[in-house]
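Asks: Sequence:
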Amino acid sequence: MTWSNLDDTRDFLIRKVLLNPERSADSELKKPLSYIAGERIDKALIYVGMATCGRIAGADKTYRSIQTYLEERDIDAQLIEGGCMGLCQAEPVVDIQVPGKTRLSFASVTEDKVQLLLDDVLNHTLPDLPVTGQYKSPILREWEQVPYMEDHPFFAGQHKLLTSNCGRIDPVSVSSYIAKGGYRAFADSISRYTPLQLCEMVEASGLTGRGGGAFSTGKKWLAASRTTSDQKFFVCNAVESDPGSYMNRAIIESNPHRLIEAALIGAYAIGSNKAYIFLRKESALAGDRLGKALEEARAYGLTGHDILGSGVNIEIILKRGARAFICGEETALNKSLEGKRAIPAFKPPYPPERGLWNKPTVVNNVETLFNIPLIIQNGPDWFRETGSESSKGTKLFTLSGKINRYGTVEVPMGTSFEDIVHQIGGGVKNKKAFKGIVLGINSGSFITQDNLDTRVDYEDLNRIGGVLGSGACVVLDETVCMVDLAKFFTAFFKKESCGQCIPCREGTARMLEVMENATSRPSENNSFQTLERFKGVMQLKSLAAVIKDTSLCSLGKSSPNAVLNTLKYFKEEFEAHIFERKCHANVCTDLQVYYIDVDACTGCTACFKKCPMDAIIGSPRYPHFIVQEKCIACGTCYDVCKFNAVVIK
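Letter by letter, the sequence shown follows residues 0 to 648 in numbering that gives the first Met the number 0.
Calculated cross-link-like contacts (lysine to aspartate or glutamate; reagent style EDC-like; alpha-carbon spacing at most 20 Å):
| hint | residue 1 | residue 2 |
| --- | --- | --- |
| 1 | 401 | 452 |
| 2 | 159 | 456 |
| 3 | 42 | 75 |
| 4 | 629 | 613 |
| 5 | 431 | 476 |
| 6 | 608 | 596 |
| 7 | 334 | 352 |
| 8 | 218 | 202 |
Derived from the structure by calculation, the hints contain no laboratory data.
Produce the entire structure from the sequences given, and follow the hints as far as they go.
Replies: Here it is, written out as structure tokens:
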């Protein structure tokens, strides 16, 4: 089975899958390709963003309201439960395309706005609602005075390769995916290239693992390909348990067929007939959509036995596993797939030599695999054109925190973090001062104002002692206490430690104890407690060094990073907590001291009545006072005072 060009591949897929009379009972599949792709339509298309972010914002109610509207008026329109376009802040998002005109995208469409929206747009009139933009089309008429989506400040600085179809197509429709070019790379792979050629193409592209390790994907594939075995496995790590990170979940919910195609290519390249996609049970929507997409791909002969008549056999199995953070480590993930306790294994041997059931196994994360069809379809040289000198391609981030515009962001490698924060993200919320960026719990790296010009580049980050991580990008402002944040990181690692090795299990517990002492008020004026607090802080660096050097897996080795980077970049905050017993951000409640301003106090007795410790004394209509020995700094008095008489020092 060979084809001379991509058009032959596309035509074959259309004939084999979309227009196969044995499988295509739906008349929609027999329409011209431009209709299936949504470039031309003969009835209104209404696309509701129904990814997790949209549902949280109320997209379910919006969708039902649209259904009711169409049914009551007997309007024949195509209503699609879609994915996320990336700008999660704009949810619930509704896109509408009427025949002959470009597709419009509307933000914050709650159920009460549905009638106004549809009344106007279905009659070719722009409603008085916020329009995010319109999608460019060479064959459709444009709406006047409506900006293009690509010119929106959130999208203007992005380079959408992995997310190009997210929020644009029906996530579980194989016809929609193929019409946009899907499965062409896989069809080319099994018809034009040997497995070794595919591995070499991926290596030549310069693609590295996007899960945080940044190891050459092609080298990993080649190692498994060259290892002799009667069985090999290809595994997709879709656990994504790093707090603050959800871009992998978002792209699975929005375009699951891309992941299936990438897994098929990877399995074929290393000589495997079985691939696993390991997903957290908590990612229910992603699992449901991926499961439906797998069923559809299997029904149309894209997975299983004798795929597309090529003689290639590849089965893809979806596994829903535990939420545990440790399952993100590849050897622990393999153990979990085997039905065993998820604990890391010693390396070497590495999984490409001996992994799942002691067979050669390649483990790649979701974002890494989303690049594969693009590389095969366009070539490694095309892929290397995007990015920096040392880091190729694009990088996905979950942009969140104290930022004006948040969501899933895709930028070329080499983009500065300053551009991500101020151009794409629109700067810090409420005009607060920028304090830093956290690049995920797993890496524990901080980007501060002093190095905000650092680029999304492995070498640039190495120069400042940072790590890119998996893709969480949490923006912090002046109201965040860095010591409290480091304590949260440490508590997370202590909780998520698998407990197998002593440095991680006991070391994180000891570090958490030190951090808790630093953010807590002593129970009594005890010099021994003070000495213990100072001693613990003095030992933090040496303790962190032991954990980093002797922990078994990469997750354990990275557990002290947040504390070390807090000491490196925010030493003055740490010293204020230790020596002054003060949290200047007023976040650490145990260090807060509440006072009543006698000049502002009216003696209304509201605080007196609500104090749970009877720590407030005073008479009605006269100033009140707080007995510090009784106060537990719960903040109740601060919350109930209507005269701003309670102050925090």
